[in-house]
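S.K.: Now for the letters of each chain:
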Amino acid sequence: MTDKIATPDLMVYAMASEIENFNTVLHGVSSPLPVLGMSVARRTHAPDMAYISGAEGVDSEIDRIYPSSFDPRLNRNAVAYFGLHEAFDLAQRGELNVMFLGAAQIDRFGNTNLSVIGKIDNPKVQLPGGAASAFLMPITPKVVIWATRHTFRVFVEAVDFVTGQGYNNRSEGCKKNKIVVVSNLGVMNFENPGRTMQIQSVHPGHTVDEIKENTGFDILAAPDVGETPVPDQDIVDLIDRIDPDGIRRSEFH
Amino acid sequence: MPASKLFTMFEAISRFVQNGSAVALGTAQETLIPFAAGHELIRQRKRDLTLIGTISDILFDQLIGGGCVRKVQAAWVGNVITGSSYNFRRAIENGNTEIEDHSNLTMSMSLRAAAMGVPFMPARTALGSDLFKSNARLKTITCPFTGDTLTAVAAIRPDVTIIHTQRADEQGNAHMWGNMGITREACLAGEYVIIIAEEIVPTDTIRSDPNRVVIPGFRVCAVVHAPWGGHPSPVPGCYNRDHQSFIDYRTASRTPESFADWKAFWIDNVKDRVDYLNRVGKNRMDRLKIKHHLRSAPADFGC
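So the protein lines, in turn, are chains A and B.
When we follow our numbering, the leftmost residue of the first sequence carries the number 1, and every step to the right adds one.
When we follow our numbering, the leftmost residue of the second sequence carries the number 1, and every step to the right adds one.
In case anyone wonders, no lab produced these hints; they're calculated from the structure.
Please note that a few of the clues may not be correct.
[Stated by the list, open to error] With a Cα cut of at most 30 Å, we get these calculated DSS-like pairs of lysine-lysine:
(1) A:K142 to B:K133
(2) A:K175 to B:K133
(3) B:K5 to A:K124
(4) A:K178 to B:K291
(5) A:K119 to B:K289
(6) B:K133 to A:K124
(7) A:K119 to B:K133
[As the list claims (entries may be wrong)] Okay, the calculated beta carbon distance ranges per label pair:
(8) A:E20 to B:Q44: 50 to 56 Å
(9) B:F218 to A:R76: 31 to 37 Å
(10) A:E191 to B:R254: 40 to 46 Å
All C-beta atoms in this analysis are idealised placements derived from N, C-alpha and C, irrespective of residue type, glycine included.
If we strip away everything but chain A, and leave its shape as in the complex, we get (with noise of 0.2 Å):
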């Protein structure tokens, strides 16, 4: 059955694995998979986490989603509003735990960019832009990107753009904190002396060597490389509660 779980629902329950329970943990705008993955998280395994949405609402009961990460209705009966400002302070107080971010491209020491490709003063695409990026990558203690397309064009030698901070780009006192990456291939880390990507698990039915192939720069297994854990069917059940629409494939097109 293990090959039977389909990719974006691997993401999910991947990125909710990264959530403790009591942890502190915000997601940002064009954002499915985290939204899922936190409210996966908060049903399963980490019933008191404290759930702060983008979209401002704490602990909000979130029957579905919708296709804007920031629905009003992701709000309903929530204990409080929590502007994302004072989200952003919870975060240089050092009690904001697990953030979500997105990436257009990403390099071995984890810089991303999501505000250009090709040169900031002659575009060849210019970007949505970084929004929470640059500002919780450094300071968060556990950031999870989640990329979509595992290619040597999203997984890159240097990004173009430094956006959020890798480990070469941060201050000592940031670089214990950490950065998983999971893609629709594996899920990757920085646990090494270097501070540079490497495999940490990969997704049934794909390799290690897939992932070498489909990657810029040169990235290594982890000692202990291993499979992605699957979620059992009762995990995939509630997913498919909570994103009745496919919502969460509409990134992989």
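With chain A fixed as given, assemble chain B onto it according to the hints.
M.R.: Just chain B now, with coordinates in the frame of chain A:
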């Protein structure tokens, strides 16, 4: 009784927004975006505006396509459910419009600094990001107390802040609820504040719940009554997000020609808000209207 500040949309925009103004609009992320006011800016052919916002969704793209914009100060500009937006990309990639890249936090700090009347705010981060290269309003400083290296985020003072709210009285005392983002900071920072309200209510309604006032009327210069003025963005308690509009807009804005057609139908040839709503259509409005009500319990302000 203080004088009424009630204006028509045409009067409020023509009187308080000049060519070259810095205008903050869309300060609650994807919610309560003042689309009706933005469309009026396009109709009046305002030029050389600086747009200030956090996540402005497609309104900034429309203003850019309308030729109104010289500069954008924002954390994220696009079409939230479909990604990049085309007028924005064309304008930046052709070098017609300038972008000052922010993060959500630096944007809110810039407005908070202006609201507090100080030249900058210190932040613990953004250090190491290339935002420093593209945004002259970010500098590093040494904290005089701890010696830490910090980011100084320069104040941004909008000439005009335009917000959309659920209700206000004629003096501009405005009730707002749901997620509000940095709306209060933007209202405190702005030289002029224009309130666009779904409903104009008696002052007694405001007085019954003064904690819900986002900005008191003494800081407001104009109030405009514009039911559905936030469409297609959502307004909690009134209507939901019109996702189809955003998807249609993505297709319509793909080329300058198709955008011109879209703009003619939805902005240039629209006589007033009633005409706009006729174009949206009753069926669509019925679908979007809030049916799932979640009312708050009244608070007793007695003493």
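S.K.: Would you mind marking each hint as holding or not holding in the structure?
M.R.: Results of checking the hints against the structure:
no., hint, result
1, A:K142 to B:K133, "holds, 26 Å"
2, A:K175 to B:K133, "holds, 22 Å"
3, B:K5 to A:K124, "violated, 46 Å"
4, A:K178 to B:K291, "violated, 43 Å"
5, A:K119 to B:K289, "violated, 45 Å"
6, B:K133 to A:K124, "holds, 18 Å"
7, A:K119 to B:K133, "holds, 12 Å"
8, A:E20 to B:Q44: 50 to 56 Å, "holds, 53 Å"
9, B:F218 to A:R76: 31 to 37 Å, "holds, 34 Å"
10, A:E191 to B:R254: 40 to 46 Å, "holds, 44 Å"
Consistency with the previously given hints fails for numbers 3, 4 and 5, ordered from lowest to highest.
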